[in-house]
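Based on the hints, put chains B, C and D in the right spot on chain A.
There are 4 protein chains.
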Amino acid sequence: MEEDYFKNLSDRERAIFEGGISMGALYHQFVGTPVSIDTCSSLEHAIEESILLQPAVIDVDVSLNKDLIKQSSGTMGYTSLEGNMLNIQITTKINEISVCTCISYMEDLDYPLMYIKD
Amino acid sequence: MEEDYFKNLSDRERAIFEGGISMGALYHQFVGTPVSIDTCSSLEHAIEESILLQPAVIDVDVSLNKDLIKQSSGTMGYTSLEGNMLNIQITTKINEISVCTCISYMEDLDYPLMYIKD
Amino acid sequence: MEEDYFKNLSDRERAIFEGGISMGALYHQFVGTPVSIDTCSSLEHAIEESILLQPAVIDVDVSLNKDLIKQSSGTMGYTSLEGNMLNIQITTKINEISVCTCISYMEDLDYPLMYIKD
Amino acid sequence: MEEDYFKNLSDRERAIFEGGISMGALYHQFVGTPVSIDTCSSLEHAIEESILLQPAVIDVDVSLNKDLIKQSSGTMGYTSLEGNMLNIQITTKINEISVCTCISYMEDLDYPLMYIKD
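Residue numbers (numbering that gives the first Met the number 0), protein chains in the order written: chain A, 0 to 117; chain B, 0 to 117; chain C, 0 to 117; chain D, 0 to 117.
So that you can see chain A by itself, here it is in the shape it has in the complex (with noise of 0.2 Å):
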């Protein structure tokens, strides 16, 4: 079983874990990806998808930033996609407890960050 793996963290332990992995993974898999403002809508729904296979995973709400890509689709119509266009929570549950991780472009950090809201 895989729960044995798992007996030296707590719930909330966990939780915390399989979402730093699921954030992890996600950022990992679709940086790079072509996109415009016009395909948004299909990569937000897969990378939803995607991710609510993971184990642990609840919930997913991806929104991408549609002034950014716009801003960056110059002569070519598109560009790839970067971590700085990532706006996503991902709710992991183990048991009764579940914990929010989220990834924001933080301007004082000029950096993507990966945090757990409470």
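Derived DSS-like pairs: lysine-lysine, alpha-carbon spacing no greater than 27 Å straight-line:
| no. | chain 1 | residue 1 | chain 2 | residue 2 |
| --- | --- | --- | --- | --- |
| 1 | D | Lys69 | C | Lys92 |
| 2 | A | Lys6 | C | Lys92 |
| 3 | A | Lys69 | B | Lys92 |
| 4 | D | Lys69 | A | Lys69 |
| 5 | B | Lys92 | D | Lys6 |
| 6 | B | Lys116 | D | Lys6 |
| 7 | A | Lys6 | C | Lys116 |
| 8 | A | Lys6 | C | Lys6 |
| 9 | B | Lys116 | D | Lys92 |
| 10 | D | Lys92 | B | Lys92 |
| 11 | B | Lys92 | D | Lys116 |
| 12 | B | Lys69 | C | Lys69 |
| 13 | B | Lys69 | A | Lys92 |
| 14 | A | Lys92 | C | Lys92 |
| 15 | C | Lys69 | D | Lys92 |
| 16 | A | Lys116 | C | Lys92 |
Chain B regions said to be covered by chain A (calculated; three or more residues, Cβ under 8 Å):
| no. | region |
| --- | --- |
| 17 | 31–42 |
| 18 | 49–55 |
| 19 | 71–85 |
Think of the hints as simulated: they come from the structure by calculation, not from any bench. A virtual CB, placed ideally from N, CA and C, is assigned to each residue, including glycine.
Below, chains B, C and D alone, put in the same frame as chain A:
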């Protein structure tokens, strides 16, 4: 102008070049994505829309191998997309010349081969 | 300050979170990379140096499964890196607390499991 | 035999096709990788060895844009590899015909263009 950089290629050569780029891109962007029988269609749709953005691409047909996905989805209920699950055709067109670039798993080579179909 | 965003996590929780992120990142960044017996060591080295850059990571040990890589390298002489070829340990540390995040292929699950080793 | 699938291409067409595949592969495999000034050389080396495995590739020269990597490495000390940081040449050869496929960031297009150099 983008075209200035391709004066050394015939229309057919450039259509072949762009087909190769887009097939290599697709493979290495999406291999590794979590996928199950239930999420095949959203992933196929997102891949098609994404690759259609690439230069010279006028049609993309993605058909993932459901038998192989089902068979690879063990106790966890999903698998990672692998190259031998891909059946894809990308049509590229430069002026009046179009070319169809394919990937299929070839049993004799035990390898997902990219080739041009006439 | 980056730390301001993590006031809701204990040191152990944050070490677990960052371990999960980096393992998910590593998997989905590098799965699909062309690899053979002869290129294992340069790939292992690049993965280690790359993941060491991530927040809170103080040690990374990557050992690819050479038997499986050899066995998967058919007529073409190489294969694509797959999750079940990964044996990896990532150590993350927050203040005095360090945590070891692992991935290994588990035969009983037929799945490359990510877990915390104590 | 692999060659049986390429009877419809001239040697030059196939060299162009394989160059396109390998450049598309490289871009979408490695864009997103954590990188800093200090890890450039191990990443360049791993990319070169990995892409050399691909069909028909006889030489790969990867030079990442260190100025851009330094400039993009903010408070966190590293960045994610982006397409406009790539200066790469891939040489493919079929029988006596070799072709050099390049990617460089083009200021006039604001786009990392893949093209064939004669």
